Amino acid sequence: HLNRVINGLTDGSLFVLGAAPSTGKTTLAKQLFDQVAALNEDVACLFVSLEQSKEELRVKSLSRLSGVENRDIQRGRLDTSAQGWKRLVEAKVELASFADKTFIVEGDGATTPDRIRLLGLQIRMKTEASRLLIVVDYLQIVPTEKDFSDIRRQVDTVVSDLRRIARDLRASVVVVSSIGRASYKEGAGTMDSFKESGGIEYGADVGGVMVLDKDHTKGEETFRGATRQWKRVHLDIVKNRNGERARIALNFFPAVSYFSEVSQEALPEGG
Numbered sequence: 051h052l053n054r055v056i057n058g059l060t061d062g063s064l065f066v067l068g069a070a071p072s073t074g075k076t077t078l079a080k081q082l083f084d085q086v087a088a089l090n091e092d093v094a095c096l097f098v099s100l101e102q103s104k105e106e107l108r109v110k111s112l113s114r115l116s117g118v119e120n121r122d123i124q125r126g127r128l129d130t131s132a133q134g135w136k137r138l139v140e141a142k143v144e145l146a147s148f149a150d151k152t153f154i155v156e157g158d159g160a161t162t163p164d165r166i167r168l169l170g171l172q173i174r175m176k177t178e179a180s181r182l183l184i185v186v187d188y189l190q191i192v193p194t195e196k197d198f199s200d201i202r203r204q205v206d207t208v209v210s211d212l213r214r215i216a217r218d219l220r221a222s223v224v225v226v227s228s229i230g231r232a233s234y235k236e237g238a239g240t241m242d243s244f245k246e247s248g249g250i251e252y253g254a255d256v257g258g259v260m261v262l263d264k265d266h267t268k269g270e271e272t273f274r275g276a277t278r279q280w281k282r283v284h285l286d287i288v289k290n291r292n293g294e295r296a297r298i299a300l301n302f303f304p305a306v307s308y309f310s311e312v313s314q315e316a317l318p319e320g321g
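Each residue of the sequence shown is one higher than the one before, counting from 51 in the numbering used here.
Since the hints were derived computationally from the structure, they do not count as laboratory data.
Hints are supplied without guarantee of correctness; some may be wrong.
As the list claims (entries may be wrong) - Quick list of in silico lysine to aspartate or glutamate cross-link-like pairs, DMTMM-like style, CA-CA up to 20 Å:
1) Lys281 x Glu271
2) Lys196 x Glu178
3) Lys142 x Glu106
4) Lys281 x Glu270
5) Lys104 x Asp129
6) Lys176 x Asp211
7) Lys104 x Asp122
8) Lys104 x Asp150
9) Lys142 x Glu91
10) Lys264 x Glu315
11) Lys281 x Glu315
12) Lys104 x Asp61
13) Lys142 x Asp158
14) Lys176 x Asp122
15) Lys136 x Asp158
16) Lys142 x Asp122
17) Lys196 x Asp164
18) Lys176 x Asp164
19) Lys264 x Glu319
20) Lys281 x Asp265
21) Lys281 x Asp263
22) Lys142 x Glu105
23) Lys281 x Glu294
24) Lys268 x Asp206
25) Lys176 x Asp265
26) Lys196 x Asp158
27) Lys281 x Glu311
28) Lys104 x Asp158
29) Lys264 x Glu311
30) Lys264 x Asp242
31) Lys176 x Asp150
Claimed, not checked - If you anchor each label on the Cβ, the simulated ranges turn out as follows:
32) Ala316 x Lys196: 39 to 45 Å
33) Ala160 x Arg217: 19 to 25 Å
34) Asn292 x Arg203: 24 to 30 Å
Model, not experiment: these values are computed from the prediction.
Virtual Cβ for every residue (Gly too), placed ideally from N, Cα, C.
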């Protein structure tokens with residue numbers, strides 16, 4: 051549904067993905083990152099993480115691919131003779147099958163948009179990939195060369211810089227964003243949901259807001275041999291420069307860092 055609604059991650063595009071804390075925005079971004087790499091041989095992928103470590107991100111991938119809980123992988127609570135260990139080894143092999151074209155960089159105070167541009171260029175040269183995906187997590191803490199007293203101006207500058215990177219490198223750029231606290235309980239996403247939203251409103255080609263289902267829909271389902279609990283999350287495509295706006299219903303399995311699509315429908319009124 052997402053691929054159809056936004057017409058894929060096209061070259062030169064900027065996709066801003068926003069959500070409240072604990073909604074799974076980094077998890078969804080990492081799943082998209084892995085799936086793009088796995089399904090497209092000609093794409094190199096760069097994940098710039100300013101919040102989570104390489105290890106945390108790799109655990110998300112291993113958990114999703116194996117069905118073994120995040121916490122069990124992190125704590126080493128695995129019986130090497132059990133089925134879960136076998137699935138984890140298989141997940142490691144699967145992850146390794148596209149690891150040569152995926153790169154995770156732990157950002158710091160020097161990871162400005164200019165640094166991200168350079169990293170993208172270096173990876174494209176190293177891999178000789180014809181296409182490039184860059185994921186940045188997350189927007190509000192991307193450092194800049196210039197100090198800004200106003201966070202809105204800083205975010206606007208970063209959005210503008212990332213859009214230029216997408217255009218100049220012919221890359222698809224996905225940037226994770228926080229949203230305003232007032233939007234946490236609204237039950238539907240809008241462009242106003244984004245914190246410091248001025249630059250996002252005009253600079254993003256696609257804007258998606260993740261919101262928890264207002265009815266708190268929950269359930270459980272068998273996933274890779276074990277019963278796992280899920281909660282319903284809506285991905286509201288509130289801006290789509292070259293296509294339709296829509297709501298995509300997702301089931302989020304937090305224990306194993308996995309999202310599955312459920313349905314696509316019209317964006318609610320006011321979205």
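Item to check | Straight-line alpha-carbon gap Lys196 to Asp164, limit 20 Å | outcome: Distance of about 12 Å is within 20 Å: holds.
Checklist entry - Does Glu178 lie within 20 Å of Lys196 when you go C-alpha to C-alpha? => result It is violated: about 33 Å lies between the C-alpha atoms, which goes past 20 Å.
Next on the checklist: Does Glu270 sit within 20 Å of Lys281, going by the straight-line distance between their CA atoms?
Outcome noted: holds (9 Å)
Item to check | 20 Å Cα cutoff - pair Lys264, Asp242 | outcome: Answer holds: Lys264 to Asp242 is near 18 Å, not above 20 Å.
Checklist entry - Does Glu311 lie within 20 Å of Lys281 when you go C-alpha to C-alpha? => result holds (12 Å)
Checklist entry - Are the Cα atoms of Lys281 and Asp265 separated by 20 Å or less? => result holds (10 Å)
Item to check | Pair hint Lys281 and Asp263, alpha-carbon separation not exceeding 20 Å | outcome: Given pair Lys281, Asp263 holds - Cα atoms ~8 Å apart, limit 20 Å.
Checklist entry - Does the structure keep Lys142 and Asp122 at a Cα separation of 20 Å or less? => result Given pair Lys142, Asp122 holds - Cα atoms ~15 Å apart, limit 20 Å.
Next on the checklist: So if I understand the rule, the pair passes when the alpha-carbon distance is 20 Å or less; does Lys176 with Asp211 pass?
Outcome noted: Distance of about 23 Å is beyond 20 Å: violated.
Checklist entry - Are the Cα atoms of Lys176 and Asp164 separated by 20 Å or less? => result holds (18 Å)
Checklist entry - Does the alpha-carbon distance linking Lys176 and Asp265 stay inside the 20 Å limit? => result violated (48 Å)
Checklist entry - Is Lys264 within 20 Å of Glu311, Cα to Cα? => result Since the Cα atoms of Lys264 and Glu311 sit roughly 18 Å apart, the hinted pair holds (cutoff 20 Å).
In the structure shown, a violation is registered for the earlier hints numbered 2, 5, 6, 12, 13, 14, 15, 23, 24 and 25, in ascending order.
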